[in-house]
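Protein chains in written order, with this note's numbering: chain F, 271 to 449; chain V, -8 to 354.
In short, the hints are calculated from the structure, not lab data. Keep in mind that a hint or two might mislead.
[Said to hold, decoys possible] Cβ-Cβ distance ranges computed for the label pairs, FRET-style: (1) 421(F) x 43(V): 53 to 61 angstroms; (2) 229(V) x 365(F): 32 to 40 angstroms; (3) 317(F) x 352(V): 24 to 32 angstroms; (4) 425(F) x 98(V): 46 to 54 angstroms; (5) 145(V) x 323(F): 27 to 35 angstroms; (6) 317(F) x 198(V): 49 to 57 angstroms; (7) 336(V) x 323(F): 34 to 42 angstroms; (8) 317(F) x 188(V): 41 to 49 angstroms; (9) 107(V) x 449(F): 47 to 55 angstroms; (10) 338(F) x 267(V): 40 to 48 angstroms; (11) 312(F) x 203(V): 48 to 56 angstroms; (12) 358(F) x 175(V): 31 to 39 angstroms.
Virtual Cβ for every residue (Gly too), placed ideally from N, Cα, C.
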Amino acid sequence: MKKRYAMAHDTRRCVGCHACVIACKTENALPEGGFRDWIATETQGTFPGLSMEIRSERCNHCASPSWVSACPTGASHVSEGGIVGVTHRKCTGCKACIAACPYGARYVHPGGFVDKCTFCLHRVNQGQQPACVEVCPTRSLTFGDLNDPAAPLTRLVATRRRKVLLPESGNKPQVFFLS
Amino acid sequence: MSFEMPHPARPVADRPKAGGYPFASEIIASGLRDASIPGTAAYDLKAWMVYGCNLMQALASRQETIKAIQNLDFIVSVDVLPAEICGWSDVVLPEATYLERDDDLSGPAWKEPFLAIRQAAVPPMYESKPGWWIAKELGKRLGLGEAFPWKDGVDCVDTRLKAAGHNPAVVRAKGVVLGTPDVTCEEEGLPVMIPHASGKIQLKSKEAEKLGFDAFPTFYPQEEGPAGTFRLLNGRAPTHTFGRTVNNRLLAQPYPENEVWVNAAAAKALPGFTAPLRTGDRIWLINQDGVKSGPVRAKVTERIRGDCVFLVHGWGQNATKQKYAHARGASDSALMTRAKVDPLMGGTGMNVNFVRIEPAEGV
Chain F
271 MKKRYAMAHD TRRCVGCHAC VIACKTENAL PEGGFRDWIA TETQGTFPGL
321 SMEIRSERCN HCASPSWVSA CPTGASHVSE GGIVGVTHRK CTGCKACIAA
371 CPYGARYVHP GGFVDKCTFC LHRVNQGQQP ACVEVCPTRS LTFGDLNDPA
421 APLTRLVATR RRKVLLPESG NKPQVFFLS
Chain V
-8 MSFEMPHPAR PVADRPKAGG YPFASEIIAS GLRDASIPGT AAYDLKAWMV
42 YGCNLMQALA SRQETIKAIQ NLDFIVSVDV LPAEICGWSD VVLPEATYLE
92 RDDDLSGPAW KEPFLAIRQA AVPPMYESKP GWWIAKELGK RLGLGEAFPW
142 KDGVDCVDTR LKAAGHNPAV VRAKGVVLGT PDVTCEEEGL PVMIPHASGK
192 IQLKSKEAEK LGFDAFPTFY PQEEGPAGTF RLLNGRAPTH TFGRTVNNRL
242 LAQPYPENEV WVNAAAAKAL PGFTAPLRTG DRIWLINQDG VKSGPVRAKV
292 TERIRGDCVF LVHGWGQNAT KQKYAHARGA SDSALMTRAK VDPLMGGTGM
342 NVNFVRIEPA EGV
């Protein structure tokens, strides 16, 4: 069966320690100031009646991504399992995909191309977890194949209260935030 | 049932402060600092050996730390970073960093107990040496060589592993060996342990009363600060667990500096400000004794009460060689010129300082 890679982030477990961000930087040798994932903190209410959500955000690897027609060179593409990729050698750094992505998931690498999260496909293909998932000290990140009914990810997404970011964008994001 | 200390009582050399704190078995770093002022302790402390602790940021009342240092004959610091305390030291022994050295085993008796080993992954750079080498060489040169009967860190750890019935090769290959989960608290079946001869929980302490303290904990309200000032609170962020991590090249990227948390309603009407304070504005903090730190960015938030401001600990460092940390943010330690000391245990309460906020640029 065709794979549909996705991720769930349990916002009830996350403490915002940035371990996912640092693991990604070292695993993927990201340049100074370049990030493929980041921490977002949202507070609701007024003191002392407050609630807070911490999210580890990254590319949503959308099932219906808006950058499809934006890339003029064919560098942006959909890889195995629906993973959204950028072929660095085909990319001219025109930033059209950055403008088309509503999630701010891409940045310009000093090497002159656009870079973004790959769900660590190079690790996944070797049977390993993405670096961010591997290091999370609170085990708030779960990666897997949504088409596998036995995968822990599939069970989490099916049973927990969840949301995606900007559902109105129509891009069908595949990173789910559990609450 | 009486509570047995795991070690014999400490010798007088470990309790230099005259009197000390009646319910503490040893004194903490600030107590050692106080005991370094000549004539105040059982004997005068003449030298400090500081291991991996930037005392200039770690202790409140920096002026007291400097006074104590001026009374010493000699300070050695062992550190992996060119921290501020290294600048105050006569000798700095550069220690190899964590992945360059073999360290002692870690085996906490947690709910799921484990044995973890830290092994050198790369050789140390420059003149830095692992901690075991520094200890062994110092011992040798002080004529205490026989106290270090091992060849190196690996030999020392392997001997310990074998003594505990582990195969060093297996532990070294695995890195972490998990133990058998055990009960850790009364709810899980541990017998009730009450560290008092009566075997009963003491709500009212005769021991404390005998020493002239309240037999029953009594609430004494804290002094409030002058109008227009905020109580300065400090704490940690999960990204930066200790003051030393602020100079980490990688951690400095997502979290490069601390911010002053200011309550959203209070930020709208700050004395001396013509417009509301916004997140990202640069401000100075000035405490009740005129100590100034910053400029530091403001974080206007609902996550703090209106009479307090909060700083994550560790920034505002003066050591210029700490290139990722130097001159970033504000120092909670520098602003904490006052501290309250718990008379029973000697612990330090630092959140007794008050700061006012001044704009650092055209706010």
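Hints, verified against the model:
{"no.": "1", "hint": "421(F) x 43(V): 53 to 61 angstroms", "verdict": "44 angstroms, violated"}
{"no.": "2", "hint": "229(V) x 365(F): 32 to 40 angstroms", "verdict": "33 angstroms, holds"}
{"no.": "3", "hint": "317(F) x 352(V): 24 to 32 angstroms", "verdict": "27 angstroms, holds"}
{"no.": "4", "hint": "425(F) x 98(V): 46 to 54 angstroms", "verdict": "35 angstroms, violated"}
{"no.": "5", "hint": "145(V) x 323(F): 27 to 35 angstroms", "verdict": "46 angstroms, violated"}
{"no.": "6", "hint": "317(F) x 198(V): 49 to 57 angstroms", "verdict": "41 angstroms, violated"}
{"no.": "7", "hint": "336(V) x 323(F): 34 to 42 angstroms", "verdict": "38 angstroms, holds"}
{"no.": "8", "hint": "317(F) x 188(V): 41 to 49 angstroms", "verdict": "46 angstroms, holds"}
{"no.": "9", "hint": "107(V) x 449(F): 47 to 55 angstroms", "verdict": "33 angstroms, violated"}
{"no.": "10", "hint": "338(F) x 267(V): 40 to 48 angstroms", "verdict": "44 angstroms, holds"}
{"no.": "11", "hint": "312(F) x 203(V): 48 to 56 angstroms", "verdict": "51 angstroms, holds"}
{"no.": "12", "hint": "358(F) x 175(V): 31 to 39 angstroms", "verdict": "50 angstroms, violated"}
Violated hints, in rising order: 1, 4, 5, 6, 9 and 12; the structure is consistent with all others.
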